[in-house]
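*Asks:* Given chain U, work out where chain W should sit, using these hints.
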Amino acid sequence: MGEFHFYTKLDQTLLLGVKAGNAEELLAGIQIVPDSSIYHHTHRYLHQHHYLSPEPPNDFAYWTAHVLGDVVLGERLWSVDIVGFQSIAELRQTFVNILEGHLASTRRRIDCAGGQEFHFMASRTYVLPTPHVAHNLAEFAHILNKVSINSLYFHVFDAKLRLERGENDFSRWFRSLGKTELAEKSSRLDPYSHTLDGLRREIIAMVEKHGSD
Amino acid sequence: MARIEDYASFVGQATIDELFLLARHLEGKSVQNVNSTAVGGGVAEILSRMIPLLKQLGVEARWDCIKGDEKFFATTKKFHNGLHGVAVDVGDDEYEHFLEVNRRNAGEMTFGDIVFVHDPQPVALIENRAEIGRRWLWRCHIDFSRPDPKIWKFLDQFVARYDAAVFSAPAFAQKLSVPQVLIAPSIDPLSDKNKELSEEAIASVFERFGIDRSRPIVTQISRFDYLKDPLGVIQAYKLAKQRLDMQLVLAGGGATDDPEGPAIMEQVKEQASKDADIFVLFLPPASDIEINALQRGSTVILQKSLKEGFGLTVAEALWKAKPTIAGAVGGIPLQIAHKYSGILTHSIEGTAQWIKQLISSPAYASKLGENGREHVRNNFLITRHIKDYLLLFISLFHEGDIVYL
Numbered sequence: 001m002g003e004f005h006f007y008t009k010l011d012q013t014l015l016l017g018v019k020a021g022n023a024e025e026l027l028a029g030i031q032i033v034p035d036s037s038i039y040h041h042t043h044r045y046l047h048q049h050h051y052l053s054p055e056p057p058n059d060f061a062y063w064t065a066h067v068l069g070d071v072v073l074g075e076r077l078w079s080v081d082i083v084g085f086q087s088i089a090e091l092r093q094t095f096v097n098i099l100e101g102h103l104a105s106t107r108r109r110i111d112c113a114g115g116q117e118f119h120f121m122a123s124r125t126y127v128l129p130t131p132h133v134a135h136n137l138a139e140f141a142h143i144l145n146k147v148s149i150n151s152l153y154f155h156v157f158d159a160k161l162r163l164e165r166g167e168n169d170f171s172r173w174f175r176s177l178g179k180t181e182l183a184e185k186s187s188r189l190d191p192y193s194h195t196l197d198g199l200r201r202e203i204i205a206m207v208e209k210h211g212s213d
Numbered sequence: 001m002a003r004i005e006d007y008a009s010f011v012g013q014a015t016i017d018e019l020f021l022l023a024r025h026l027e028g029k030s031v032q033n034v035n036s037t038a039v040g041g042g043v044a045e046i047l048s049r050m051i052p053l054l055k056q057l058g059v060e061a062r063w064d065c066i067k068g069d070e071k072f073f074a075t076t077k078k079f080h081n082g083l084h085g086v087a088v089d090v091g092d093d094e095y096e097h098f099l100e101v102n103r104r105n106a107g108e109m110t111f112g113d114i115v116f117v118h119d120p121q122p123v124a125l126i127e128n129r130a131e132i133g134r135r136w137l138w139r140c141h142i143d144f145s146r147p148d149p150k151i152w153k154f155l156d157q158f159v160a161r162y163d164a165a166v167f168s169a170p171a172f173a174q175k176l177s178v179p180q181v182l183i184a185p186s187i188d189p190l191s192d193k194n195k196e197l198s199e200e201a202i203a204s205v206f207e208r209f210g211i212d213r214s215r216p217i218v219t220q221i222s223r224f225d226y227l228k229d230p231l232g233v234i235q236a237y238k239l240a241k242q243r244l245d246m247q248l249v250l251a252g253g254g255a256t257d258d259p260e261g262p263a264i265m266e267q268v269k270e271q272a273s274k275d276a277d278i279f280v281l282f283l284p285p286a287s288d289i290e291i292n293a294l295q296r297g298s299t300v301i302l303q304k305s306l307k308e309g310f311g312l313t314v315a316e317a318l319w320k321a322k323p324t325i326a327g328a329v330g331g332i333p334l335q336i337a338h339k340y341s342g343i344l345t346h347s348i349e350g351t352a353q354w355i356k357q358l359i360s361s362p363a364y365a366s367k368l369g370e371n372g373r374e375h376v377r378n379n380f381l382i383t384r385h386i387k388d389y390l391l392l393f394i395s396l397f398h399e400g401d402i403v404y405l
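Here the protein sequences come in this chain order: U and W.
Once you know that position 54 of the first sequence is 54 in the working numbering, the rest is easy, because the numbers rise by one and skip nothing.
Once you know that position 18 of the second sequence is 18 in the working numbering, the rest is easy, because the numbers rise by one and skip nothing.
One chain only, chain U, in its complex shape (with noise of 0.2 Å):
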């Protein structure tokens, strides 16, 4: 693993014909999707609003906050920490244990205005090596700072939780290279709680950092 090649990911979003009036519904929709529907709705928000900072919750957590005007509720689902999940199984889980409860403790039905559902979807992800390949920290740094956010995610968000390899990409490589304290502190970031280029920034600054240890 001496060398780093960079991919770049480009996502197609299907629709599904599922969709959801209310928190009962809601719950139904998230336990029959697949795991690419979790997926979309959990990192469609981020990958679309890259740019912002703090950035908006989560598809379940908007639209419940946001559409039904349950805040208590939205809080709830907006506050999942996803960094800290392995598989979109136990994130999927997560979210109906949410739902369970809630419904369980209030007989209070809210039912959106029509026209207002929440539709569920799913991304296709199609994965493209890129020309780019590091032999080094520094053409790592060099290369992160042009590459496209599509990249980023890809080696960052998708690695980790869609393609369960247990870390992001780069700390995995860092790891490789006996870069253990730089493969560590890049594998603690919260990915998301950065914009995309706030989290390029940050984790080039790592590497600068350790790039001569």
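Worth flagging that the hints you see were computed from the coordinates, not collected in a lab.
We put the CB at the ideal spot given by N, CA and C, even for glycine.
Any given hint could be a false lead.
[What the hints assert, rightly or not] Computed Cβ-Cβ distance ranges for the label pairs, DEER-style:
| no. | chain 1 | residue 1 | chain 2 | residue 2 | range |
| --- | --- | --- | --- | --- | --- |
| 1 | U | 87 | W | 238 | 52 to 58 Å |
| 2 | U | 110 | W | 238 | 29 to 35 Å |
| 3 | W | 62 | U | 110 | 47 to 53 Å |
*Replies:* Relative to chain U, chain W alone:
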């Protein structure tokens, strides 16, 4: 003609490089677009921009139009209205004529490897797919949220034979037997409606219409029909004006075939005649520069629609970094995340309240506008649209949630 490289200044070279990387995967495949008109309408407008750019990326793309007679287009107009939820009556002879025209066109057509059919008019070209072969995609550009069941049943027998159907907004998704893909429309930052304008050009348009740029200006650009709620806009303006000085600009084309259009227009004119700060501008079709200038020179933009297809005027306003207040209908919530990249409202009173807030809080309004521009940069420019089309074509040859190309 625009060059694909010209868009790098808006989206970055890496994004353009990714389009070239994707396009390579279509080598040796021809993509044939088919619709029913070469000029006029949104589909022709986007195809006339998209095809040259696809060619520059190395895709063998072309565009054919089917030929039909008056009876055919009268029938497809009924389909169009019926798919929008308007009650229409289509006779058996009209269905049969629709099929005859499609069969005749299919018989005369040389099909590409990928046949990309736009809207209902040419949908039945696929009738003899067993003989023709090829990969088929159907793109529905219209609001499809409440289709007339009889018309939809007729069209669905053809849609079900396609490899995938494409819709512009999540609400248009149907229970279909084929995969459904979301592809939102886009704006072109190099078009007259969206390109940068000099301060002099903007000022001259406002001067021509007699609008005072030293005072706040609230603007809605849209057709004068009921669904765009121009009367609701006037009411919201009047409520807001009780507390703050401002002018209102309502600009757009005349009423379409909306039967209530003339009545709405009369009421708009009547309201405007009582208030010298309301400017009602009936713009002819070739007024893109004027629309661009009016958007750029306004303080706040409104799109207070009651129903909307996608509502691209919102993306146009956001691209100009304008604080925008819009109804939460159709495709508008895709373009505005409430309080992040603009404001979504549900009532006249709410709209009035937000008009006051945004005029009184220019720093917040400016931040919304900047966020809105970034959102459009990443999600609603023509380069994203091209990426979605390339992925759509490539998807015909791959399976699975994650595809390694």
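*Asks:* Each of the hints needs a verdict: does it hold here or not?
*Replies:* Now for the hints, and whether the structure bears them out:
1. Checking the proposed 52 to 58 Å range against residue 87 (chain U) and residue 238 (chain W) shows it holds: the Cβ atoms sit about 55 Å from each other.
2. In this structure the supplied range 29 to 35 Å holds for residue 110 (chain U) paired with residue 238 (chain W), their Cβ-Cβ distance being about 32 Å.
3. For residue 62 (chain W) and residue 110 (chain U), the hinted distance range of 47 to 53 Å is satisfied, since their beta carbons lie about 51 Å from each other.
Of the hints listed earlier, there is not a single one the structure fails to meet.
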